[in-house]
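S.K.: Dock chain B against the given chain A, drawing on the hints supplied.
Protein sequences, first through last, are from chains A and B. So for the first sequence, my numbering puts the first residue at 1126; every next one is plus one. So for the second sequence, my numbering puts the first residue at 275; every next one is plus one.
Hints were generated in silico from the structure; no laboratory data involved. Since the model is a prediction, treat every value here as computed from it, not as a measurement. Note that the Cβ used here is the ideal one computed from N, Cα and C, for glycine as well. Be careful, since some hints might not be right.
Restraint ranges, calculated between C-beta atoms of paired labels, are given here [as the list claims (entries may be wrong)]:
(1) A:Val1312 with B:Ser344: 33 to 41 Å
(2) B:Pro536 with A:Glu1333: 37 to 45 Å
(3) B:Thr403 with A:Gln1329: 56 to 64 Å
Derived pair list, reagent style SDA-like, types lysine to any residue, alpha-carbon separation capped at 25 Å [stated by the list, open to error]:
(4) B:Lys404 with A:Ile1406
(5) A:Lys1153 with B:Asn426
(6) B:Lys366 with A:Ser1402
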Amino acid sequence: MADAATNPAPAAKGDYRLLSVRQLMWRKFLNNRLAVISALVLIVLYLATIFAGFTAPYGPQDGVSRLSFAPPTRVRFCDENAGCSLRPFVYATTAERSKKTFLLEFVEDRSEPHYIYFFERGAPYKIVGLIPWDMHLFKTRNDDARVSLLGHDQRGRDLFSRILYGGQVSLSVGLMGVLILVILGSVIGTLSGYYGGWFDAVTQRFIETLRVFPEIPLWMALSAAIPPLWPPEWVYAGIVVVLAFLGWTGLAREVRGLTLSLKKRDFVLAAQASGASTGRIVRKHLIPNMMSHIIVTATLAIPVTILGESALSFLGIGVRPPMMSWGLLLSDAFKVQVIALYPWMLAPAGFILITVLAFNFLGDGLRDMVDPFS
Amino acid sequence: MTDDTILSVADLSLRFGAKPKVKGSGLLAVNKVSFDLKQGETLSIVGESGSGKTTIGRCIARLYAPSQGSMVFQAKDGPVDLATLDKAGLRKVRREIQMLFQDPNASLNSRMRIGEIVAEPLEIHGIGTKAERIERVRSLLERVGLSADAVNRYPHQLSGGQRQRVGIARALTISPRLLICDEPVSALDVSVQAQVLNLLGDLQKEMGLTYIFVSHDLGVVDYISDRIMVLYLGTVMELATRDDLFAAPAHPYTRALLDAMPARVGGKHRKRKVLSGEIGGPSGLRKGCVFAGRCPFATDICRTHEPELRPWRRRPETRVACHHADDLDLGSYDQPPPEPESLP
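So here's chain A without its partners, still in its complex pose (with noise of 0.2 Å):
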């Protein structure tokens, strides 16, 4: 690098220019095709599921119990009489009992199309809880010919608006959880690594104390202590925190390690000796050399977290209704009839393998990106 800094004339003519380290990261992010298709996919999974009522064209209790485990309608193009359009169709569907196997079966009615309409107004719901609205992304305009892409459940609910529904809690409690996580792991790492003496034994020892235990039992005792009468919100805060308390562990003692490197650094030295207060040398020194390495092991941390709710809910000790989430959409298929006769009610889980795949890409990218040098 010749005297850059000292002749600063050519990066004005943008002949060349140095990169900034934010620059060079960018870069080696958008070199990692994985990881930036897996942030595509995240972005439209948590804007379709944060604006479930707008993407999902039925309601999440919207049952008809006429279509009780009717399979996934098919959306066509071509019609017998009306001929082929690019709008896409489906046919009303209706349910005869067999008389070989004297079940339901579900056959097309093919006397007419059902076009389905895009941004079409329909049930109201509210915006995130808040703006009142009725807008859709795609329904049809007749409520007896409903179109269902993963199927319905056993009381004729939209499988793919419940999903939506469902996914609101399912990825929320990823992201709440790290936040929590994230807070508690940095702020007991940082304490533990900067002070060390007394409070680091202790935390240590309660650290390796936590770990000891399988997670999954720990977190199945923790989450059947939370007393059935709460009301939903109680009960998922309480599934969150239940979460975090066991994965703040790991990131503290990375954080821990991260803090007891950086803090014989020179350039800590440096602060130290123009007086700086330990604050400020953990907000400006520590914490910004340690930000890359706290946000990939929360990336990192999301996916846990997610299986982990998932988990509890399948088992019925998570979320529980009329809150609705991924793992407990999948405890509706928890027998193998069920699974035999109906297998689109595994749809879920197709959702949860995507989302902790996309994280997990995701989190990979970071890494290699949090060191734009290599």
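M.R.: Chain B in isolation, oriented as in the chain A frame:
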């Protein structure tokens, strides 16, 4: 202690990891070091790795709290003992004592812009308004030879020499009176070393700075110092003016250090003796002269009694810690000593 003494260190000791009840436990990094520092002079501390030279510097900057001894500093508001100063007093006196570090890569926070780094001491002490700080930073950066638009750069965008200049600018923002330079040029290229040393020299004259210059490089020390303190295992071996030390070293260890210097290009090929052995462990209890194990002139008394730092008979302003100093002729930098006869 004369009127222009800025710092008077007496009996400074530092023991790392000492257990309170075990005598001689831990690691004695600094052993009863005493010296006076005059306003405007440059005192170099030289020694091998592990001799405690950096530790002394960090004690004076109070990055380490000494176990023993006093360090009386003539602050603007009157003398204070750095060794026993409380937090508030320390904060105040830190405005007058600053530090320059060895490795400019490690001493600049890579997440901060140059401007923020240089302005940090001003912010810590709440000096000036934001505009004044920016102005001060710009003028200082220019003074140390960087362009003012370096303020928006990050350390990794600068070269090693430029980074060390940033380090100098940071140390000088709050106009300290004492600058502790901890091997400031040993991580730099030789050509850049000279530039930085010249800059330090110029700044000293301009601002009336006093330097404590820690180094292992006698060539650099020869260039910049007024006086030189030779350290071995945390103990002062010799304290002399630069010219005296190079003209006639009083201590066998100083002689050994001079012998270890590479010959200057075009200089005379010197006959030299290379010290054998390694620097010993600076562990707790010890007896006799710390250098006795490697000293070619050591006798029984050296192994049993620790020599005191006392004026040398041949040159009383030089102080030396050696039982035999008065009887030895160690030659000079260019002149090898005569073959040692057996001592009486």
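S.K.: Decide, hint by hint, whether the structure agrees.
M.R.: Hint by hint, here is what the structure shows:
no.	hint	in the structure
1	A:Val1312 with B:Ser344: 33 to 41 Å	39 Å, holds
2	B:Pro536 with A:Glu1333: 37 to 45 Å	53 Å, violated
3	B:Thr403 with A:Gln1329: 56 to 64 Å	45 Å, violated
4	B:Lys404 with A:Ile1406	20 Å, holds
5	A:Lys1153 with B:Asn426	22 Å, holds
6	B:Lys366 with A:Ser1402	12 Å, holds
Checked against the numbered hints above, the structure violates hints 2 and 3; every other hint is satisfied.
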